[in-house]
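S.K.: Below, each chain spelled out in residue letters.
2 protein chains.
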Amino acid sequence: MATRLSDVAARAGVSVKTVSNVINDYPHITAHTRAKVEAAIADLDYRPNVSARSLRKGRSDFIALAIPEMASAYFAELGAAFSRAAKRRGITVLIEQTEGEPAAEQMVLDGMRGQLIDGIVFSPITSSQAKISAAVGSGKPIVLLGERTTGGTFDHVAVDSVQAAYDATTHLVSLGRRRIAAIGVGGGGASGTGAVRRRGYRKALKAAGLPHDPALELAGTGYHRLDGAASMRALLELPEPPDAVFCFNDLLALGALRTLADAGLSVPDDVAVVGFDDIEDGRYHSPSLTTISADKDWLADQTVALLLERIAGSGEAARRNLTVPYTLEIRESTAG
Amino acid sequence: MATRLSDVAARAGVSVKTVSNVINDYPHITAHTRAKVEAAIADLDYRPNVSARSLRKGRSDFIALAIPEMASAYFAELGAAFSRAAKRRGITVLIEQTEGEPAAEQMVLDGMRGQLIDGIVFSPITSSQAKISAAVGSGKPIVLLGERTTGGTFDHVAVDSVQAAYDATTHLVSLGRRRIAAIGVGGGGASGTGAVRRRGYRKALKAAGLPHDPALELAGTGYHRLDGAASMRALLELPEPPDAVFCFNDLLALGALRTLADAGLSVPDDVAVVGFDDIEDGRYHSPSLTTISADKDWLADQTVALLLERIAGSGEAARRNLTVPYTLEIRESTAG
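The listed protein sequences derive, respectively, from chains A and B. Quick note: to get our numbering, add 216 to the position in the first sequence (first position is 1). Quick note: to get our numbering, add 216 to the position in the second sequence (first position is 1).
These are computed hints drawn from the structure, not numbers from a lab. Predicted model, so just to flag it, every value in this text is computed and none were measured. From the three backbone atoms N, C-alpha and C, an ideal C-beta is built for every residue, glycine too. Treat the hints with caution; some may be incorrect.
Stated by the list, open to error - Which residues of chain B face chain A? A partial, calculated answer using Cβ under 8 Å:
id: 1; residue: Ala255
id: 2; residue: Arg275
id: 3; residue: Phe278
id: 4; residue: Glu285
id: 5; residue: Met286
id: 6; residue: Gly306
id: 7; residue: Ile311
id: 8; residue: Gly330
id: 9; residue: Leu332
id: 10; residue: Arg474
id: 11; residue: Leu481
id: 12; residue: Glu496
id: 13; residue: Ser502
This is chain A alone, in the form it adopts within the complex:
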């Protein structure tokens, strides 16, 4: 049978009320009494009924992270960073994979139904801005991640993807490349990742005085290695193949590198490759992958801090936008 509060009280020689006061960290308890109760708790391996405590303080100390796809290395690494950032604050993260499905995203916007969570970090794919703005019914604090969701009513955390894509493309220009392709321009619809990063890519070409060739922009069907490999094959079949490729995430770039290896082409001599995300795989790949590295630990830490402010009802009242710092990590796939 589980140890009860009264067992602890008997062992410590104090009242049940006193044990409860120690557990709930009330003031005006002498160090001596506290020590006695804590010793009894340790001796009996007593675990307070946390859900009852949560109800009293109105919090569960759980938050949810809703991401489109956890097998995608970027989101897996981000999920791990959120777990660590929350744990440092005594909070547990539960992760839900939406696969970008409307029903799953709606459930998140509705506050994850009856789950005992204090707040939600949400990276939406298919939910429209209007739907997101309308979703205030659950009353649970929500912080949004990613490019899609600027301009709404929620707090929002994202990388400046236009600028980052501009920097990645400009790096290829600076290496003397003139036919720079882009893979992944179709991701996430009109306001999604693909469209936003394409804007930065085109801006950089224009700034460099390079022509814009639509044949060099590949949408692909997804953001996985498979899609990168297929898009790269299509590029190599062009009458005039590219001498550089900017892939809108690292998985696409790793797929493209596989196609280039199969074709017997040298990277970066024949084709230079840049990715986006700085997943671990790209750092260990041969050749290692040049990429945009957003600071995932910063992102997770700041987002959790912001969400906890909202949960506590503190902090500035106005909606906040946080921009995640990033660097361009130059590695073998462009620097040889």
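Fit chain B to the known structure of chain A by using the hints.
M.R.: What follows is chain B alone, placed relative to chain A:
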């Protein structure tokens, strides 16, 4: 303001009780009445209070998956497979990363505190068999994953790691390799992954009449690319380096491949490499990675089915052990 049951009733011209009966799928409701209520629900975009419904039927239709590390590609892919398997049955999976920490694992064994989940799939790292067996307090069904947990009181799903390691090693023997190293023998303590897979490795060497050289068994400090790269460097410094390496997961193997590339060695001519897990990264790597491929979709599907049987209180009463099918996938890192 949110639409209420009474709004739906007014719109449909029926009683609140009738609306409730339709929502809860009670019998004896005419098709005409049902259609009227469903039209009103659609018109008003009414969403039933699911947590109240869950309490009535005693279920939340959420399950938890507790894994050590979600940034590790195997667990990320496994988590995605669980999400899909559960979704096919109308269930949502919430994933918790324990990092193998005792406090986090204890929380899982205690039933995830007050979370409204129906059951738990748990891949433990540090919890002892005794602790796991003692953890029946929450009454929530638990299914365990992985090598560590055989012989306990819970349902259990795992690959036959001894046999799989035997097969991987025997494959290297069949290629004429005679100095076959093992990386990852230290993972998970006395009954963990490292010890179990080492048993299969040693058994295969013995069956082939090859000597057992302790210098060829590397424990490393973890199961990541970094550890594989460091262990491979140590092996290359031996007076007599190996001509093949069996790495106890794919991340170790990918790290080892990077070290071999840096050393200018050819794979598989100089050193053949086998991994374990069949993560996507290994399939796209150059060279592609020979590996043990456990069927993650089978694992997720069967585990979810078993857990749902337990939640429903149906199925065989006796504790069940499921063994996950696997294949040896022969690719460029051994076949050239």
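S.K.: Next step is simple, just say for each hint if it's right about the structure.
M.R.: For each hint, the structure was consulted:
1. Ala255: 20 Å, violated
2. Arg275: Result: violated, 11 Å to nearest chain A Cβ.
3. Phe278: Status holds, d = 7 Å.
4. Glu285: With a minimum Cβ separation of about 7 Å from chain A (threshold 8 Å), the hint on B:Glu285 holds.
5. Met286: 5 Å, holds
6. Gly306: 10 Å, violated
7. Ile311: Constraint on B:Ile311 satisfied, holds at 4 Å.
8. Gly330: Cβ of B:Gly330 sits 2 Å from chain A, so the hint holds.
9. Leu332: 5 Å, holds
10. Arg474: 5 Å, holds
11. Leu481: 12 Å, violated
12. Glu496: This interface hint holds because 6 Å falls under the 8 Å limit.
13. Ser502: 4 Å, holds
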